[in-house]
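Participant: Here are the chains, one letter per residue:
There are 2 protein chains.
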Amino acid sequence: LKTYLDCYPCALNQALRAARLSKADENQQLFILKQTLSLLQDLPSGTNPPEIGYRVHQIVRELLGASDPYFAAKKESTRQALGLYPRLKELVERSDDPFEAAIRISIAGNIIDYAVKDEIDDLWQTVERVFQQPFAVDDSPKFRADLRRTGHILYLADNAGETVFDRVLIETIGLPVIYAVKEGPILNDALIEDAEDAHLDDCATLITNGTRATGTIFDLCSPEFLREFEQAPLVIAKGQANYETLSDAGEKVYCLLQVKCPVIGTDVGAPAGSIVIRQSAKGR
Amino acid sequence: LKTYLDCYPCALNQALRAARLSKADENQQLFILKQTLSLLQDLPSGTNPPEIGYRVHQIVRELLGASDPYFAAKKESTRQALGLYPRLKELVERSDDPFEAAIRISIAGNIIDYAVKDEIDDLWQTVERVFQQPFAVDDSPKFRADLRRTGHILYLADNAGETVFDRVLIETIGLPVIYAVKEGPILNDALIEDAEDAHLDDCATLITNGTRATGTIFDLCSPEFLREFEQAPLVIAKGQANYETLSDAGEKVYCLLQVKCPVIGTDVGAPAGSIVIRQSAKGR
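So the protein lines, in turn, are chains B and H. End of the first sequence = 284 in the numbering used here, gap-free, step of one. End of the second sequence = 1284 in the numbering used here, gap-free, step of one.
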């Protein structure tokens, strides 16, 4: 997904929010804003939004030093999600279609996102909504068919807390899963520690993609991760940032997400609030 | 009011919206965005938000030619507001405190604002809300006292349609009023024609401030307007942009507005949605 013009103001907002979360004072915030203005001024065409986000956070880090401003928020999200875990499992067990239930749960977990909203919605309410909602894009028949043929899955994680919802899907699918998180802190994206907090290490092999960027920016990923991606017969990619970076990464990639911004909505052809399971296009 | 850091992303949004309203194509939109980035890059400290808006719209005009993209919207706002006029007059007549009722009506009219939202709220609903709402800032005792002593009023208009609500206040006050609108199109700000459509010429002397900028940017105003401002014993200034430019323009200025953005909210000390009647500080 290329950067749309609406992403420009959004990038500035993201810069401000990151600066403030990192406890920048007013002058530092202004400096970060101005650096972001320059960044946007010189944006190469074809840049995708997570690449902008990566560079915005790089600006913040260069000024303020490396830190993990979302550390506490991530722990809290995981704690809340773990509290729901028994009820989520029950939903799957009682469902006529446990696989679909588990997919919906995994997508419901995608509501946990501090990049877009500062407040987290009531998690259980989101689960209930997602269970009643039709898919705006639904490639699940193809997804089911491909899952039946695959030996293992590369699962690209999104946010801490959402990990618990992913665990329900992974346990339901019952295939070997490599669960890839981020190498370093970026927003509230899950790190190894967050995946372990959610007990993903009990049902998957944990790796990182080698980056501290949202989504999956191939140019930044480690060779080890790229090899896993290459070899994976099927990839599940969670969340908007993975959609933004992988929507044309080939037909073995399935993006599971909630649409959170109008730009993605226009691209995917469904309004904000929609739930999507979409097979990526060829293109790479 | 100086420009806050949160105004930066907002200015980019305004640039995009103005470009699209003026039917700019994708490339023109990008050009306008980039010009706005440069503008923000070089922003002198002490710039206020309407000055940014003025220059953003200047960029749009330079690229696309002069036009009045809000022409139809302004006509429609005035039409809708005129439809409410008899009910607004009735509200005043039936009130125990007609003066306060008329002030509230004038502030309710300030909801008409395409700069902040694309959709207009239900007007009557806003009137009802504003009638039930306490003032978040209330300098009305001082305002009443000053009104009793003044020979005439300079009334600084805001948006088309809001003009009809202003008319109710002007008719209730019953003093000679000079009603100042903008010289050229800027957003949905009222021009002479819009004031005439709302029949302000029946109850006030119409002038312009010589600008095509929101608020009252003294550096851009005509000498004739500045003379009127100088000589006016009391000034009523409607809306956020007038607050942004006149909040320290002296104690004869009373700002009547609805708080529409968090930045103004922080400055005025009241959350978005608040209604405010505030005497300006000295400072000039």
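Calculated directly from the structure, the hints in this document are not laboratory data. A couple of the hints might just be wrong.
[Claimed, not checked] So, partial list: chain B residues that the calculated Cβ filter (under 8 Å) puts toward chain H:
no.	residue
1	Lys2
2	Leu5
3	Leu12
4	Asn13
5	Leu16
6	Asp25
7	Gln29
8	Phe31
9	Leu33
10	Leu37
[Claimed, not checked] Derived lysine-lysine pairs resembling DSBU-like cross-links, with alpha carbons at most 30 Å apart:
no.	chain 1	residue 1	chain 2	residue 2
11	H	Lys1260	B	Lys260
12	H	Lys1034	B	Lys2
13	H	Lys1260	B	Lys34
14	B	Lys34	H	Lys1023
15	H	Lys1002	B	Lys34
16	B	Lys23	H	Lys1002
17	B	Lys23	H	Lys1034
18	B	Lys2	H	Lys1023
19	H	Lys1034	B	Lys34
20	B	Lys260	H	Lys1282
21	B	Lys23	H	Lys1260
22	H	Lys1023	B	Lys260
23	H	Lys1252	H	Lys1023
[Said to hold, decoys possible] Example chain H residues on the side facing chain B (calculated, C-beta under 10 Å, incomplete):
no.	residue
24	Tyr1008
25	Pro1009
26	Leu1016
Where is the CB? At the ideal position from N, CA and C, for every residue including glycine.
Participant: Look at each hint and say if it fits the structure.
Facilitator: Hints, one by one, checked against the model:
1. At a threshold of 8 Å, the smallest CB-CB gap from Lys2 (chain B) to chain H is about 11 Å, leaving the interface hint violated.
2. Hint on Leu5 (chain B) holds. Least Cβ distance to chain H is approximately 5 Å, under the 8 Å limit.
3. Hint on Leu12 (chain B) holds. Least Cβ distance to chain H is approximately 4 Å, under the 8 Å limit.
4. For Asn13 (chain B), the shortest C-beta to C-beta distance to chain H is roughly 5 Å, which falls under 8 Å, so the interface hint holds.
5. With a least beta-carbon distance of about 6 Å to chain H, the hint placing Leu16 (chain B) at the interface is held under the 8 Å criterion.
6. Because the smallest distance between the Cβ of Asp25 (chain B) and any Cβ of chain H comes to about 11 Å, over 8 Å, the interface hint for this residue is violated.
7. Among the interface hints, the one on Gln29 (chain B) holds; its C-beta lies about 5 Å from the nearest C-beta in chain H, closer than the 8 Å criterion.
8. The restraint placing Phe31 (chain B) at the interface with chain H is violated, with a minimum CB-CB distance near 11 Å, outside the 8 Å limit.
9. Because the beta carbon of Leu33 (chain B) sits about 6 Å from the nearest beta carbon in chain H, less than 8 Å, this interface hint is met.
10. Look at Leu37 (chain B): its Cβ gets to within about 5 Å of chain H, closer than 8 Å, so that hint holds up.
11. Between Lys1260 (chain H) and Lys260 (chain B), the direct Cα distance comes to roughly 24 Å. Compliance with the 30 Å bound is thereby established for this hinted pair.
12. About 17 Å separates the Cα atoms of Lys1034 (chain H) and Lys2 (chain B), which keeps this hinted pair within 30 Å; it holds.
13. Of the pairs offered as hints, the one joining Lys1260 (chain H) and Lys34 (chain B) holds, with about 26 Å between alpha carbons and a cut-off of 30 Å not exceeded.
14. As the CA atoms of Lys34 (chain B) and Lys1023 (chain H) are separated by approximately 29 Å, the hinted pair is consistent with the 30 Å bound.
15. Taking the CA atoms of Lys1002 (chain H) and Lys34 (chain B), the gap is near 17 Å; set against the 30 Å cutoff, the hint holds.
16. Taken as a hint, the Lys23 (chain B) and Lys1002 (chain H) pair is honoured in the structure, with Cα atoms around 22 Å apart against an allowance of 30 Å.
17. Distance restraint check for Lys23 (chain B) and Lys1034 (chain H): the Cα-Cα separation of roughly 29 Å lies within the 30 Å cut-off, and the hinted pair is therefore satisfied.
18. Among the hinted pairs, Lys2 (chain B) with Lys1023 (chain H) is consistent with the structure: their alpha-carbon atoms are about 22 Å apart, no more than 30 Å.
19. With a C-alpha separation of about 13 Å, the suggested pairing of Lys1034 (chain H) with Lys34 (chain B) holds against the 30 Å cut-off.
20. Of the supplied pair hints, the one linking Lys260 (chain B) and Lys1282 (chain H) is violated, its CA atoms being roughly 45 Å apart against a limit of 30 Å.
21. About 27 Å separates the Cα atoms of Lys23 (chain B) and Lys1260 (chain H), which keeps this hinted pair within 30 Å; it holds.
22. For the given pair, Lys1023 (chain H) sits about 27 Å from Lys260 (chain B) by alpha-carbon distance, which is consistent with the 30 Å threshold.
23. Between Lys1252 (chain H) and Lys1023 (chain H) the CA atoms are separated by roughly 41 Å; this puts the pair beyond 30 Å, and the hint is violated.
24. With a cut of 10 Å, the hint placing Tyr1008 (chain H) at the interface with chain B holds, because the nearest CB-to-CB distance is about 5 Å.
25. Checking Pro1009 (chain H) against chain B: minimum C-beta separation of about 4 Å stays under 10 Å; hint holds.
26. Checking Leu1016 (chain H) against chain B by beta carbon gives a least distance of about 6 Å; that is within 10 Å, so the hint holds.
The structure does not agree with the numbered hints 1, 6, 8, 20 and 23 stated previously, though it agrees with the rest.
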